[in-house]
Every structure is written in C-alpha cells, then in structure tokens.
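Here is what each chain is made of, one letter per residue.
There are 2 protein chains.
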Amino acid sequence: MGELLAQSTATDWRRIDPDNALYLQLDAGRVVIELVPEFAPRHVANIRALARERFYDGLPIERVQDNFVVQWGDPAQKKPVGNAARTLPPEFTRPATAGLPFTPLPDVDGYAASVGFTLGFPAARGASGTTTWLAHCYGTLGVGRDNAADSGGGTELYVVIGHAPRQLDRNVTVAGRVVSGMELLSALPRGTGPLGFHEPPHQGTIIRSARIAADLPPVERVPIELLRTDTPLFAQLIALRRNRTDDWYKVPAGHIDLCNVPLPTRIAQQEPN
Amino acid sequence: MGELLAQSTATDWRRIDPDNALYLQLDAGRVVIELVPEFAPRHVANIRALARERFYDGLPIERVQDNFVVQWGDPAQKKPVGNAARTLPPEFTRPATAGLPFTPLPDVDGYAASVGFTLGFPAARGASGTTTWLAHCYGTLGVGRDNAADSGGGTELYVVIGHAPRQLDRNVTVAGRVVSGMELLSALPRGTGPLGFHEPPHQGTIIRSARIAADLPPVERVPIELLRTDTPLFAQLIALRRNRTDDWYKVPAGHIDLCNVPLPTRIAQQEPN
Chain A
0 MGELLAQSTA
10 TDWRRIDPDN
20 ALYLQLDAGR
30 VVIELVPEFA
40 PRHVANIRAL
50 ARERFYDGLP
60 IERVQDNFVV
70 QWGDPAQKKP
80 VGNAARTLPP
90 EFTRPATAGL
100 PFTPLPDVDG
110 YAASVGFTLG
120 FPAARGASGT
130 TTWLAHCYGT
140 LGVGRDNAAD
150 SGGGTELYVV
160 IGHAPRQLDR
170 NVTVAGRVVS
180 GMELLSALPR
190 GTGPLGFHEP
200 PHQGTIIRSA
210 RIAADLPPVE
220 RVPIELLRTD
230 TPLFAQLIAL
240 RRNRTDDWYK
250 VPAGHIDLCN
260 VPLPTRIAQQ
270 EPN
Chain B
0 MGELLAQSTA
10 TDWRRIDPDN
20 ALYLQLDAGR
30 VVIELVPEFA
40 PRHVANIRAL
50 ARERFYDGLP
60 IERVQDNFVV
70 QWGDPAQKKP
80 VGNAARTLPP
90 EFTRPATAGL
100 PFTPLPDVDG
110 YAASVGFTLG
120 FPAARGASGT
130 TTWLAHCYGT
140 LGVGRDNAAD
150 SGGGTELYVV
160 IGHAPRQLDR
170 NVTVAGRVVS
180 GMELLSALPR
190 GTGPLGFHEP
200 PHQGTIIRSA
210 RIAADLPPVE
220 RVPIELLRTD
230 TPLFAQLIAL
240 RRNRTDDWYK
250 VPAGHIDLCN
260 VPLPTRIAQQ
270 EPN
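Protein chains in written order, with numbering that gives the first Met the number 0: chain A, 0 to 272; chain B, 0 to 272.
Everything labelled a hint here was simulated from the structure, so no lab data went into it.
Where hints are given, some of them may not hold.
As the list claims (entries may be wrong) - With the C-beta cut set under 7 Å, the calculated list includes, among others, these residues of chain A facing chain B:
1. Y110
2. A163
3. E182
4. A186
Stated by the list, open to error - Covered stretches of chain B (chain A as the covering partner; in silico rule of three or more C-beta atoms under 8 Å from a C-beta of chain A):
5. 40 to 50
6. 105 to 112
7. 182 to 192
To be verified - Okay, derived cross-link-like pairs now, DSBU-like style, lysine-lysine, Cα gap no bigger than 30 Å in a straight line:
8. A/K77 x B/K249
9. B/K78 x A/K249
10. A/K78 x B/K249
11. B/K77 x A/K249
The C-beta atom is built at its ideal place from N, Cα and C for all residues, glycine as well.
Sequences are here, hints too, so could you generate the full structure?
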C-alpha cells in the first residue's frame, strides 16, 4: 500500500473543509473528526453550534465500552445549549440523489444491498438504490439518543472503538468520522459500570475543548489530507487489499469487508509563501 | 440478551478444560485465553510447553497497533525455548470431520462459503465443506510468523483488538481466544513505531507470568464458564441479536456478522463441598 500511495498525485487527495473539522482536545492530545453535512445537515450544524457555545468543553468521556464505543456528553442534560438545539428530527438515512457520488464495492455485504464509499465515508444503499446511509465502522461518529428516534441532537456523541456494529446503521444519525488521534479514544481505560459507563461519572477523561477548525486561525489548524475514494488509485488500493500478494500472505482473501478498507490520511506539506 | 441468559440452565454452559486455559498475568490483572487443540494441536501443545518453560515470563507486549493487534514475544529469538519447539508446520486449516461439530449461521459471509461456531469458537468452512478454520474476530489469539508458513511456533503471539482482520484467516495458525480480561490488552497504549511496535521495545507492558491453569492448584484457577454454541438457547440468542426488537432499535438489521455474535461468559458459582 505504501508503494501505491507513493505514486499518488495531488489530485488523489483532498483537504478537510475547515467548517467540517471538529477538534477534540484531550490532555493526551487532539482528536480530529470530519463532520459530514451531506448526510446529517441539521446535526452537523447543531454540533458546530454546540462547539461554538462551548457546550462540550469540560464534559467527560463518560462511557468506554470495550469492543463497542466511547461516548461523551452531558447525560444529566443540565448544561445549557444556548442557541443550539437539544434534540432534532433523525437523519438516519437520506435519498441517494444523482449529486451524491457513490463508488460501490463489488463485495457482498450482509447488512445492505450495496456498500461502497461516498465523499470519503463508508456508505451503504438499500435494495431499491434510492436510499443511502453511512455505515458504522471503526472510528464512526454517531449521535447518541434515547429510545425516541428524535431524542438525539448532538449533546451525546459516540465513536466506534471495536468491531463494526453495523446493526446501528439506519438507527442512528451518523455525523462524521475520526480521521486523526483515534488511539486517544480507543486506548482509554474501559468503564467498569454497565455498558461501559464510568462509575462515578467524573472518572472519565475530560474534553478540554471542542472547536471547529474554521473558528481557529489558519496556523492552528491541522493540515490533514485524506485520500479521495472516487479515484482510480483508490480502486487500485482496494484491489490490492482484497487479494494481498506480498510475500507474507499465502491465501488471498478474495473479498474485502467495507470496514476493512483503509482510508489513508497524511499531513499536507507546507504551501509555498 | 440478559433475559435470555437468565433462562439458561447448567447444560447451556461449559467449563474451560484447565489444560486449555492460559493465564497471562499483567500488572493490571489477568487475561484468560482458551486454547483450542482441536484446530491447532501441535501449536497448543507447544504453547503449553513454552509456558511450562517459563518462556513468556518477563517478555514485553512489544506491539500494540490500533484497530489491529497486540503482540508479545521475543522478536530477537534469543530466549531459549528449552524442550519446546521454536517453529512448527502450519495449522492454518483442518479437515471438517464428522466428529467436529459446526453450527452454521444462515447469514452470508464474504470471506468463506459458510460460517458458524465450532466448540465455542467462530469458525468457517470452504465451498466444498471439507476444510474448516477458525475466524479472526475481536479477541482471537493467533501465532505470529515470518514470511515462511512454517516460521511460527508460539514464541510470538497476538490478539486481535480491532475490526475483524478476516484476511488473516487461513494464513495464520489460530490457537485460541481471549475469554476474560480482554480490556487489559485492548486499552494498552498504542506503539508509536511502524506497525504499532514500541520504540524502544522495552516500553511495552511486561507479561509477569503465563501459566496453564492445570498447573495451578484448583483454588487458584478462575472458574469461568462459557455459553455453549451448539444449543437451542444459543440459536435463540443469535436470532435476538440479528433482529433487535427492544424499544431502542427502529430498523432490525436482518443480518448478523460472525464476529458480532456475543459469546457470553460467567463466573461459576462455588460448588458445594
């Protein structure tokens, strides 16, 4: 894969829109999340508003459930949300319109009629091809909710830290994906209470701040680039990973799971002055 | 699932054979691994022999690669193996004989013609039905090797800590599965070198001891019981998880991935004197 990426050109990569980059600052470092307004416009706008209200600052990572999720927020729902909304109508799926690119995988998937990549995210489509949604893979950012479909809004957020819990697909609004610093979440000590909640709650890691990159001076933004998922190079990468031919592999898999496709990132070189 | 398990009877559960229980003692606690001689007889015998030689004692967990594996061993291959072997012929697959139970899942799988459970382990079968192997799921114990298929023997072992790397199936000898203490491995700090190796190597967590339960006095053994995977109760559990009907889920998945099937454990009650 390294050899293939070495052959990539500038057009194989894309920058994150600073409006869609959410930085979570922990004591151990920074987690960078790419938000995806094309799938969750109202929730992404609300997460931006919550960040601007400083809603997340000082909240704990209250839940770390092994092989499932880390979750942060304000379970008591006591912290004011200011101009943001506390709950929103669900954005679990959306229409698969012509304007929304979809690079399908030929590989069978048990959870959806078709899976592939849209805008750099693992995505799925229903049997009729008219509905699409983002898949829960390692690193996916979801919007926590109670039993009612419209009971989430972004005051509770979670990230997948285990085997893809695809049963959550179409049951949760997916708002983004961790693109850097994933290990700062996945290696957190597991919570000892039911469902991995910390007991007492304040034992969790604290989110020192959550900021939208666009709100920071350019010099403070992380110049992350992500490999595009709609290019011939990405198709080559998938083919190489589906059937590994290096000296170590003896039997090629002949298949790749949606959530096993790597989504490479890199730090952009400094632009010339 | 809790309600279903509450209905279980003694015959729904099994004890680990103490000959097949490997205890890894870390400073943070104990990891219990069930070894599986039915699939890897020579490797399991060799891992027992290495444990009895005290080979693993004091070795570091030298690699923690996010969303992939933790690995421990003696990469310099300097530590004597005593009466154990350093390398063995591979045990990547085995014949699917009549004596080997297999409870198939009806769910499609991209990596194998058929998947299901054998002796409590996630397993797969080839198209002809004559060959079977254990699947790489979260918690699977594999035998590290170099490029040659016969270059492993148990001096390097790894455990999966991320999304199932099923491309490793049939390329590695699977020797067991973590049944307790998984979070002691999955939450370890990630290595900062290539492939998640620690740099320098001694920064890794130390394995204080590795023991076979049968070598310990009964009072020092962990009385873990595992849910059997060849019972009507287990079939019910799978059906419940394939289509979740609790108040939270709005859209049932209609499918379950082999590596998403829970394999419950419990601590056995004290037996009467």
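Going down the list of hints, with the structure as the test:
1. The criterion of a C-beta within 7 Å of any C-beta in chain B is met by A/Y110, whose closest approach is roughly 5 Å, and the hint holds.
2. Look at A/A163: its Cβ gets to within about 6 Å of chain B, closer than 7 Å, so that hint holds up.
3. At about 4 Å, the closest approach between the beta carbon of A/E182 and any beta carbon in chain B falls short of 7 Å, and the interface hint on this residue holds.
4. For the restraint placing A/A186 at the interface with chain B, the shortest Cβ-Cβ distance is roughly 5 Å, inside the 7 Å limit, so the hint holds.
5. Under a criterion of three residues with beta carbons nearer than 8 Å to beta carbons of chain A, the stated coverage of the region 40 to 50 of chain B fails, only 0 such residues being counted.
6. Counting residues of the region 105 to 112 of chain B whose CB lies closer than 8 Å to any CB of chain A gives 5, which reaches the minimum of 3, so the coverage claim holds.
7. Here the region 182 to 192 of chain B counts 6 residues with a CB under 8 Å from a CB of chain A, which clears the bar of 3, and the coverage holds.
8. Taking the CA atoms of A/K77 and B/K249, the gap is about 27 Å. The hint holds against a cut of 30 Å.
9. At roughly 28 Å between alpha-carbon atoms, B/K78 and A/K249 fall within 30 Å of each other, so this suggested pair holds.
10. Note on A/K78 and B/K249: the hinted pairing holds, with a Cα-Cα distance of about 28 Å set against a maximum of 30 Å.
11. Among the hinted pairs, B/K77 with A/K249 is consistent with the structure: their alpha-carbon atoms are about 27 Å apart, no more than 30 Å.
Checked against the numbered hints given earlier, this structure breaks only hint 5.
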